[in-house]
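Sequences are here, hints too, so could you generate the full structure?
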Amino acid sequence: MATTSHPPDPSAPPASATPAMLDMRGVRKVYRAGLVETEALSGVTLSVSRGEFLAIMGPSGSGKTTFLSVAGLLDDFQEGEYVLDGENVRGLSDQRLSRLRNQKLGFIFQSFNLIPDLDVFDNVDVPLRYRGLPSAQRDRRIEETLAKLGLVARMRHLPGQLSGGQQQRVAIARALVGRPQLLLADEPTGNLDSASARQIMDLLARINVEEGMTIIMVTHDHEFAARAHRKLHILDGKLIDPRGGVRPGEAGGAPLGGAPGRAAGAG
Amino acid sequence: MALSLLLYHTRLARMSLRRDPGLSATIVAVMTVVSGIFSTGLLHYLRFYGPGPTPTPALHHVEVETAARTLLDAFQGTTAAPNAIAARMRVSYPHYLLLAGSHIPARETGTFRARLLVRRPAPPSEAAERSPSGPPPPTGDGAGDAAWRCPRNARFVNADFFGMFGLELGAGAPWTRAEEAAHEAVVVISKRLGDELYPAGDALGATLLVNGVPYRIVGICAAHGPTAPPWDPAAAGGAQDVLYLPFAEHERLVVSPEMPIHVSPRGPSTTDLLASQEIFVSYWTELPTEESRRAYRVYLDRTFGARRVPVVLRDLSALRAAFAPPPTAVGFFMLLTTTILLGGGLIMTRLLLAKGLARGDELGIFRALGAPRRSLFSRQLIEAALLSGTAGVLSMLIAGPQAFFYNRSVADTDIPISITPHSFGITLAATVGVGLLCALYPAWRASTRAPTVALGRH
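Residue numbers (numbering that gives the first Met the number 0), protein chains in the order written: chain E, 0 to 266; chain F, 0 to 457.
Treat the hints as calculated values from the structure; they're not laboratory data. Please read all numbers here as calculations on a predicted model, not as lab measurements. Some hints here could point you the wrong way.
[As the list claims (entries may be wrong)] Just so you have them, the derived chain E footprint on chain F, three or more residues with Cβ under 8 Å: (1) 3 to 17; (2) 441 to 451.
[What the hints assert, rightly or not] Here are a few chain F residues that face chain E, going by a calculated C-beta distance under 10 Å: (3) D360; (4) L368; (5) A370.
Glycine included, C-beta positions come from ideal geometry on N, C-alpha and C.
Here it is, written out as structure tokens:
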């Protein structure tokens, strides 16, 4: 029987023997409003390797924002297990969760979510304030990060004085200044014009390749999603791999995960 | 790191308050008004119950009630002679000279109050016009004409009185024992009298006519009052003492105590006095050590015990318990104004709750970036402290005019209510305390909101 083999994807990071950056098993999230229960995540099982660029797509109300909130430790979950960088986050104290968010995660929001009264420098400074770093070290790191993103000239500008693309770059700088291990981007190009959006996507791709940053991005844009190593769909709180049609956790279906470029059902 | 974060949060708190100036101004305005009302109540309370002169803790009060003859016999052989008038009228009797015989080193003083007429002497030119042929008469119109017509409270004390009761002088010094023994015509005046008769501040060394007799002013009290003098609880709540004269001067001035209490006199003469069955004398003495207290007890027992004369020796705490100022409406007024302050705090709670809801997205961002709940909680307490602290300072704009109009329009005593560093400190602390207390719930609510809810991501 002839076997076929696929050439390695040059854009994919090398397969790693280290534990997955993110490992969810059977995660379930339910919102309760009085007597009404809404299941936002339904038994999500997902493994994301270090250095992987994962795109998640889905219609409004499908649960992609909820997934990102749970992944980003902004929201809790009722069932399942979630291991982030080798640490089980279930049952951790608020103090510990805050520390994990500060040290291991970076957030990029669709509406930038910059603090309007703080200038660019001070906005990027916020996560470092809770690290306990000395002032000189903080300043150095902020300046390096802003230089990398071409924002040194705007250092003392307020967010209201920046364009959308610049504001998003400031948000990216804020997310990166703490040198996180996982970047969570919630429709980072949603509020940008096409040119700025492409710039942002180029930036994210570059960060992923050059720094090996693990990125999970929620997006509506197929073009941008195609730039990721792997693309998943989410529908009614369930993750779906569009290539194999296999749902994670189903009998006979292998859980998604492992090295980028390999997905259940490929063959 | 804690200090660095505290400073950072203080900066963020100030920014947050500036972002919503209307709400911040409303909170400050409400708290300023209620804090000003609280401060006014506090000024009244401090006037009556506040810290005044601090008697030495070694103060002891001696009371002797006996027949006049027994008293005279007790002092037989000593250089101290009981003051007949003082003994008759149930007044304090100083006999520190007796202590020389007992070899107990102690300060001692008696005190009684009388009503005297006080005025400044007429200027020489004016007096010469009225009486060109000789020295100006001791009586006549001079400065402080209104004061001349109204008797003022004068207190006869000994040189040790000021130190024993902690009555501080703002200028000059009390007379000495030597001056007292030499019957120097000296006087210490109150701050009020000094402000009234010597508005230019030139009272020290000036001459004052007391019942027409000239006295040299050697000292001026530093503060008004007190409303409830520890040396005379019966005088609580009335006009303050404006003159302090050496005890023996009551003989020169031929005055009687203001509040005579007869025990069982048979008549006004000395003969009647000596025939009286009971007279009452009291005085204050300072006994700082246990040894001196024991020795003094022995001394009193030896002097009066053999004659079966009851003697009461009380220390300061027993004195305060026995002569506590009577309850007044001031305490109730203080309670009322404190309640008003708390009411303002509840309004602040409501406004802070609304503010917390309005800034949920900002708090959510900080949570997403790794700020723990307690940092957001503390930041909002800092905001509350800034708001209420500002209100506490501004409350003086309310309390000051209220005190001014009260002093001008209400003549309950001649001791004015006034803003002091002490009252300002208490007002500020109380306002900030209420502000922090009332900010606890809003701060907790805002800091425990789920970041996803705060960011509107649910």
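Hint-by-hint comparison with the structure:
no.: 1; hint: 3 to 17; result: holds (count 6)
no.: 2; hint: 441 to 451; result: holds (count 3)
no.: 3; hint: D360; result: 7 Å, holds
no.: 4; hint: L368; result: 4 Å, holds
no.: 5; hint: A370; result: 6 Å, holds
The structure fails none of the hints (numbered hints given earlier).
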